[in-house]
Each structure stands twice: as structure tokens, then as C-alpha cells.
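Student: Construct all of the structure, not just a fragment, from the sequences and the given hints.
Residue numbers (my numbering), protein chains in the order written: chain B, 1 to 383; chain A, 1 to 369.
None of these hints come from the bench; they were simulated from the model.
A quick note: this is a predicted structure, and the numbers were derived from the prediction, not measured.
Where a beta carbon is used, it is the ideal one built from N, C-alpha and C, also for glycine.
Just so you know, nobody snuck in bad clues.
Cβ-to-Cβ under 10 Å is the rule here; a few derived chain B residues that face chain A:
hint	residue
1	17
2	19
3	20
4	115
5	117
6	118
7	119
8	120
9	196
10	210
Cross-link-like lysine-lysine pairs, in silico, DSBU-like; alpha carbons within 35 Å at most:
hint	chain 1	residue 1	chain 2	residue 2
11	A	110	A	365
12	A	365	B	121
13	A	263	B	176
14	A	110	A	152
15	B	121	B	166
16	B	176	B	300
17	A	248	B	176
18	B	301	B	176
19	B	300	B	158
20	B	166	A	263
21	B	166	B	176
22	B	158	B	176
23	A	248	A	312
24	B	121	A	263
25	B	158	B	301
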Amino acid sequence: MTRSVFITAIHGIPIAEHWGHSVLDLATSAAEPLLRSDIASRIGALIVGNMLSGYLNSQENLAVAIADRLGMRGVEAIKTEAACASGAAALRLGYTLIMSGCHDNVLVVGVEKLCDGSHSKVVEGLALANDFETETMMGLSNTNLAALLTQLYCEAAKIDHSHFAKWVIRSYQRAKQNPTAMFRNGLTTGQYNRSPSVSSPLRVFDCPSIADGAVALILSHQPFDLGGGSSIEILGVDGASDSLAVTQRTDLLELSACRISANRVLHNAGCDFGDILHLELHDAYPIIAALSLEAIGLAKKLEGVDFLNQLILLGDSKQSLELLTFGGIKGRGHPVGATGLYQILDLIASMNRSTLDDSLGMAQCLGGLGSNCFTTILRKGPL
Amino acid sequence: MQRTPETCPLRIVASFGTIYWSKPIATIEWSDCGILSWGSYVPTFRLDTNLISDQWGGQSSSSKSLANIDEDATTLGLEATRRSLRGCSIAPDQLGCLLFGSESKPYSAKASAITIAEAIGATPWLGAADLESACRGGIEGLFRLVDSISNKRFSYAILVASDVAHAAIGDALELSASAAAVAFVLGPATECSFVLSYSVTYCTDTHDFHRRDGSSFPVHGGRFTGEPAYFRHTLAAAQEFMQRTETKPQDYRFAVFHQPNAKFPIEAARRLGFSPAQYEPIMFADRLGNPYAANSPLGISLAIRQCDVGDKVLVTSYGSGAGSDCFAIQQVRPRPTLIVDDKSANSGNFVRTYADYLRMTRRIKRETE
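Tutor: Right, here's the structure in full:
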């Protein structure tokens, strides 16, 4: 037996350096507003997506810690970890619990508190997503790997790294209208060009920002009006994996986990990619955004960055596809375990902005440099 | 070489002109203690921080002062103290107390204050101790003396703030850790050109720059250094002081802030509502670096040097750990002037290589004799 799954409530706190708040404070701030109605007593499970609560915040068994804080002792409590896709993995598990009939209502929380550690400790923590024996132990961080991929891509496509700049600037521009984004001042070409180099050819603004954040949502087997007289249904969440080490991939410039995960969810949801009108990608680094577009088939091989730049040239409003409407990870910041659910928050906001009564949206969340991927399809439909 | 306030030789000419008293505003609580005279010593050597970033990467576009191999916080403090005494006519044995604020004092148990007091001939009958509160140790000491002089425990005292700051090789702090000392001779307000108000202090146990006992080098607090540390304490103390005294930014000629770098004090000043004319003339971080405990005192010396009678200066210190003090200084009469030759301030003496810097900071030394 499978049932429909709906998002019946969602709330995200602003992404920032929340100096005065612990990881539990952040999760509570996100979830408490959703629990004021009688729904709280009918929640059967709390699924928490988080990557580094043990490494940085000295707290594992995080789902129990949060359930306890929220006064929800007795619920089934599980933390899911899939590197930067932890939030999406939590959504996958929550979705499956309702779809399969195990629970009627599930609270899903994505939370990350990265600002508790020194910069070097956080970078080391984030590198835990990669292959320790062949990558991390050699001193490679996520940014180094992304930089190497970018160099490879530029060489293969015969382009300059500056081709990626416009996309970064557009992301920061879009984030100005995102109430939960960390960066709301925009970015000029001058500021981008003057920014320090981090790992050649990546500059500061090419890299995702260390930040704290939390999003909570309630999944239910029955719909609820999330605004504008429409419901948000999850048509599917599916994951796929690739080699852990970037260097072990058959083609270093192909994110096959993205391709497989997208195909799986489209198949299981019974839709075509052409039906998707709103898209959130995992644009932690511009190279990943470009490779994701190629993986899901929106752009041809080595033409991902061209596609991004075409989008800007033609003007986003003239596109039929709403891509990274609110700035993506670039403008939003990257509280890793919560990012997957911030994508859902932004996707719903993008879908609610549209005048169409019935539309589909897709969010793709990656772990590591594409070693893990979860793709979600949402449907905004009439109640 | 461009002549800026800190590169001009300090010349004070004796004069016995008319002295008049300017009444301070009733809402600021003025103490009965003032600054009789002051002296500063910034070591002559300069390091272009490009020499550091060329080695370890990163970007920099500034310089900092560098103590020579035979200098330390005590020797710098002594030189500043000697200079401060030249600006007034009190005898060393008239001093009731000498306090020394530093976070790089040579002995963990032996007061540099006593060494300096001995060297200037102020011993044996005076109070003397060293204070530490990161970069605000000197300012904390200042107000212990303000209280004592206002309560007439003694008439005269000296506050010395001095540091020869070190940082670990390759650490970000290497770009700013510098050296300087400032000494203030304090006396009864009726004898001084500059009167001090009582202060407001805001302190919390906040993670920031620190140095563990036994460690040669401090560790900085990363991004904690910003909003939760520097800005929280600086803004809280300054806002509280201005609120209590019912004063506004426009009431002050200058605003002195702790300058750990060139950006933070400007941002603090901007948030509080001060204009560039109130802080730009006293900025030194880009040229001299951060001399830790001597930081705010150096800012004070640069500000009061440019004041006229009736002007007020708002001072907000900051020390990691963390705490901020906020107080006002007002010039109430023309400052007395004595001729003092201050060659060291007139420096363009840049070290040539990173190796010179390593030798002067005792990181490398001869291995054979």
C-alpha cells in the first residue's frame, strides 16, 4: 500500500552566524512554531537531517535531543546523515514512513550549527564527506576538489573561469529577495574580481558560506493549505550514489548520481523532466551547478555554464523554467544538514509565486562532490 | 616622507601663559583626576606586512612596528615613562603608584611595574603592580588610579601600557601583532589640562583571542573576534556611557576605539554615529599594527595631542576575553608644553627581509658560537 504525502507546514529560520544559539536552540526555533496546533500530539516520528553535530557540537543522538527539547518524548527519533544531503535524506526517510503507512504525520528537521568551531575545524569536518584515504588524508578539502574539477572543466570546454562569474553575481542578486538568505546585499563584478583567491581558480564568492540554519516541516498523508488555496504534495524522493572519491569516477566531469537520482524520481513519480517548472540545484560551487544541469539533461556536456549564462542574458522572466529563484546555496549560505530543506522552502516559495494552480518543482541535493544525491519532486495542486 | 601625527616629532615648548578653566558638562561624571602629561614610545623599526604574506600567502597592505632583539615590554614601558615625566615637573618620589598593563610582560611572576619604578627613581614608597586583561589591561589600571587620586590616597601616579606582541609564525596574527608603549602621568584634576571622567565597563566571558599559560603565542578567535566579541562589548559600553551621560556622538571631537585592524574601529564608529572626521585623524592600525595593551592609550595620545580647550574625546577600549571600558576626556586648559625630542616616532626604518624579522623576534639565532 502506498499513500500520498503532503507537506502541511514548513518554517525556516534566517541563515546567519547564530552566535548565541546552540544546535538545539536552532532546531527548536524552526520547529516550535509548527507545533502550536493539535498536530503535535499526532506526530509519530521526528527525522533530523544533520552532518556535524557530533564533530562540532559534541552531540550525537541528535533526533532524541531535539525531540526531548520539543516535549515530544515517545516519538520515533532518527538522525540521518548524508553529508550535505542530510536534510534531503531526512525528507526521503520521512516521506517513506508516510508513504508506506508506518506513520500518519512526521516532523522533519534539517539543522546545522557550523559556527561553533574554528574555521579550520569546520573545513576538516566538511571534508569528512570525501574519501579519507585518497582525498582527505592528502590534505584535499571540498573546495580543493571543486577547484580541480573547475580547472578540468575549463580545460575541456576551452573556457576561462570568468565564465562562471556572472552566475555567482546573479545568485547573490536573487538572494536579496530571500528572507532567509544570509547574503542580501547583492554582489558587484568589482567585488567579485577583488575577492581573494581561495583555491585557484575559485575565489571567496565561488565557495559556499559556513553558516547556521534550521528548517522544520511536517509531512502528512492528508493535504493542508500552505498558502493560496493549494496544497504541496511530494510526488517522490529518490536517492542515488556514485564513487566516494572524485578520482574514481568513470568520467570526472559527470555527476552520475544526479542523473540516476533524477531519472529514478521522475520514473517513480510518473512525470517527464519537461513538466518541471521550478528547479533548485545544489549550487554550492558554480561547477557543481553546471555539471548538475548537464547530468539532468538540461544542458549538453560541457555546456552547463553556457546554459547558465544564456539564462541571464535572456532575462530570467522570459524562461519557462524558474531556476534557483531565490539565490540557491550561493546567496543563501550553506548550513549543510539544513540545506536540503532550505531548497524545499525556496522551491515552495517559488511555486507559490506562480499564478499556475498546478505545477511541478524539483529540488536536487548533493552530498560531497556528487557522491550522494537526493532528488525531490513537489506538486503544487488544488486542495 | 609624509608627516602624519604619529611620525611628527613630539615637541612641547614650556610656556607660562594664562591658564583658564573650562567647566565640564554636568551630565558627565568627571573625576578629580586628570592627565598631567604623557609619553609614548613606538620602536623605530617597521615591517611591511607584504614580507609576511609573501611567505605564507594571503593578502596584506600595511605595516607594523617591530621591537628590536634587545627590547621587551619592560624596556618599552620604561622609555615611555621617562618621556612622560619630561612633560611635567613632578619628582619620581612624589608618585603614589605605578601600574603596568601588558600581555607580554617578561616575567609571569615579577612585576615590570616595580622594575620601571626602580629605574625612574620612584621606589621604595609606592604601590606597583602589573595588570592583564588582554588589550584593556592598561585602561583597567588607569581607573584604579583615577579612583585612588580622586579619593586623595595619593596625588600622582603613572599608568604604563606596553606590549611587544608576538604571534606564531604563519598565523594571521603575525600581520598585526606589533609593539608600543604609552605612559600617562596622572594627577589632581585642578593641576591637569585633561580631565578624566569615570568609566563604564561591560565585560562577559566570551571566547576570543587568548594565550594559555606556558604558550609563547596567542590564538585568535576566528570569526568570534567580530560580532560576539569586539562589537558586542565595544558598542554596549559606548552606548551605555552616552546614554547615562546623555551625550551624543556630535558632542565629542574625537572617538578613540581599540584598533585590532583598520576595519573594526571604523565599523564601530559608523554604527555608533561618529563621522570620519572624528576617527580618521587617530587611526594607526594600518601603519603601526596592533600593539595590544598600548592600543587604546596610543589612540588617546593621538587624540589629545590634536585637541583644543573645551574639546571632549570619547574612548572605548576593548580587551579579548572580553571587556570594554568607555569614558570621556576633556581638555580644560591649554596643555603645558615642554621641549621633548621624540626621534623614534619619526620612523621609516623598514626591515628588508623576513629573515631580519625572524632574527629580531628571536625566532632564529646563531646555532654555533
